[in-house]
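> On the provided structure of chain R, position chain V as indicated by the hints.
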Amino acid sequence: MASPKNSPRNTVQLIWPGGQSEQVGLITIGKSGGAGEVFEIESKPRYVAKIYHATTREAQLARYAQKIRWMIANKPDLPEIPAEHDGIVQLAWPVALVMKESKFAGFVMEKIDFGRTMELDYLLTHRQATGEGFEVDFGKLVTVCYNLASLINCLHSNKIAVVDLKPINLKVYKSELYVSILDCDGFHIYSDNFHSEAPQVTPEYLAPEFHDKAVTHPEGQDWFALATIIFRLLNYGIHPFAGIAASRHPYPTELSGRIKIGLYPYGKTPHNSVRATPASIHESFPDSIRELFDRAFASMPSGRATAYEWATVLETYANKSTGHMSQCLKGHLQFSGKSCPTCLREAIIQGHAERQRRFMTQLQATPARSVRYSKQTLTGTHISPFQAALAQGQFNLVRLATSGSSNRNVISFEILWIVGLIVTFWWVK
Amino acid sequence: MTLALAVTLLICALLFVSWLWRPRQTAEPGVWVLLIAYALLGTWALWFGLYSASGQEPAGFVFWKPTVMYWTLSIILIVAPLLGWGYPVKAIFGTYFAFSKMQWRWMNRGLAALCALLGGVNLLVAFNTAEGNWVGHKFSTMIILLFLMLFRMIFIWFPTLTIVAIKLYRRAIALLP
Chain R
0 MASPKNSPRN TVQLIWPGGQ SEQVGLITIG KSGGAGEVFE IESKPRYVAK IYHATTREAQ
60 LARYAQKIRW MIANKPDLPE IPAEHDGIVQ LAWPVALVMK ESKFAGFVME KIDFGRTMEL
120 DYLLTHRQAT GEGFEVDFGK LVTVCYNLAS LINCLHSNKI AVVDLKPINL KVYKSELYVS
180 ILDCDGFHIY SDNFHSEAPQ VTPEYLAPEF HDKAVTHPEG QDWFALATII FRLLNYGIHP
240 FAGIAASRHP YPTELSGRIK IGLYPYGKTP HNSVRATPAS IHESFPDSIR ELFDRAFASM
300 PSGRATAYEW ATVLETYANK STGHMSQCLK GHLQFSGKSC PTCLREAIIQ GHAERQRRFM
360 TQLQATPARS VRYSKQTLTG THISPFQAAL AQGQFNLVRL ATSGSSNRNV ISFEILWIVG
420 LIVTFWWVK
Chain V
0 MTLALAVTLL ICALLFVSWL WRPRQTAEPG VWVLLIAYAL LGTWALWFGL YSASGQEPAG
60 FVFWKPTVMY WTLSIILIVA PLLGWGYPVK AIFGTYFAFS KMQWRWMNRG LAALCALLGG
120 VNLLVAFNTA EGNWVGHKFS TMIILLFLML FRMIFIWFPT LTIVAIKLYR RAIALLP
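Here the protein sequences line up with chains R and V, keeping their order.
Each residue of the first sequence is one higher than the one before, counting from 0 in numbering that gives the first Met the number 0.
Each residue of the second sequence is one higher than the one before, counting from 0 in numbering that gives the first Met the number 0.
Here chain R stands alone, though its shape is the one from the complex:
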């Protein structure tokens, strides 16, 4: 495989906001998406360039150009980052145009340091996060949730919505816990002087009112996706619409189908048709957070919690000075006044493992026990009087009738009995 340094070299022209331009070479790094390919830029290590695919139609390219020009001129105000945290990029926002033979070809954006960050997806599986050198605790998770909610709130204040908000498009700084959003050129913009829609959506994060139709309220869509991501982050990756069917109604196999008909099992009031996944630790969330989840998933779209509300509530838990998070006896961080989510999860997993181990032990011991029981029956050496009585057919509690029935008569009767049982089951079910 060719190293990036040896890859073919493209020369393009960059046009910066002040109008100054320069010729640079692009280095292939093998990162290609649906709309374009990302390149490193020679002599500009802090930036990367996204070049739209050559197959993009002229009209589409013109729309991209218009959107990117607006974005370069209107960078949103983002949550402030303390000076000691240098080099944090919260948005892969366009900062310059890329021209090829005087024609628009793509844009330049700040480079997100992949060494300092990891995909937010990894936080959904704590083992995976640990593998990335990130020790997960609920304090860090709440901080990540807060930073994400703040970022989304800032975008909304600037009349910009993400729409296709999902963990795979998000990066987390492992030390600083700030969140970065990728694929900014796909955002929905609804400012007074410019409008551009985002056609891309992901069904597992799509609000119920937008299934099978266009996203007409992009902020509402972001609030739903934000709540879904926060729920998953705080609940070991469990999706808020993952549950166990508890009624005779058909239960959609896909999450999108469950979102569409509102099968949310983790509400403060239990759902009639679906039960929570046994591994869920939602009971250890504080009431203020559970209320926001209920409003996001179990109420009308008009009552959905906004990014601002999420940021306000989460800030109280992310801020150590409030004392809203405390340590359990084992030293895990927990929401004050609630059971420890880490201990609860460990107990669930341990209980499951213990049951599995006990079952396997019993299963392994079954052949030996069967042989021993048969031997005791045949030699008449049962230790238990109950088993002895059973084996000899001398049960004193219930006297058996002296029957002249043959084995065939018995089988005939038992067949009728089993058919009767099946009919009963069929009717009661």
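Hints are computed from structural coordinates only; laboratory data are not their basis.
Do not take every clue at face value.
DSBU-like mimics (lysine-lysine), calculated; alpha carbons at most 35 Å apart, straight line [unchecked claim]:
#	chain 1	residue 1	chain 2	residue 2
1	V	Lys137	R	Lys259
2	V	Lys137	R	Lys428
3	V	Lys166	R	Lys428
4	R	Lys267	V	Lys137
Beyond 12 Å from chain V on every Cβ pair, some chain R residues (computed) [to be verified]:
#	residue
5	Leu181
6	Asn271
7	Glu282
8	Val409
Backbone N, C-alpha and C define an ideal beta-carbon position, used for all residues, glycine too.
Relative to chain R, chain V alone:
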């Protein structure tokens, strides 16, 4: 062959074997009434469960189904002794047990009362609580079937099999030089 046909053929084959190997002594009329009632219920379940298109079973009847079964059973259990047709409970628990007539009478009454109660509770739950609760209640009553099954396994199948195994063992020992 469709699944519906396969299930029907299997049940018919089992019933045929049961008919061929039936005990030749006269059965009490109460047992026949019970058998006819179950044959009708079974045919209904087989038809609407396997053959007819979905939605053809009367809407709303689903809530009544457990009650229909419990109350049918209860009526048979109550009426049969009054008409001198014996105690159908014997057919349910099995004729393997030597109980006195009075014991059978009280077992018959007890089962009739239990079925009447279950049928009534089903209607109460179905029409006064959320559907999810009714579904939960319906399945929880199925535990009774499990008990019946366990009862039969412990008292009839298992000892019978053990005794057969002992007989076979003794025969095998006797054949040894």
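> Each hint should be assessed against the structure and marked as holding or not.
Okay, the hints, checked on the actual structure:
no.: 1; hint: V:Lys137 / R:Lys259; result: holds (28 Å)
no.: 2; hint: V:Lys137 / R:Lys428; result: holds (7 Å)
no.: 3; hint: V:Lys166 / R:Lys428; result: violated (41 Å)
no.: 4; hint: R:Lys267 / V:Lys137; result: holds (25 Å)
no.: 5; hint: Leu181; result: holds (42 Å)
no.: 6; hint: Asn271; result: violated (3 Å)
no.: 7; hint: Glu282; result: holds (20 Å)
no.: 8; hint: Val409; result: violated (7 Å)
Hint compliance for this structure: hints 3, 6, 8 are not met, and every other hint is.
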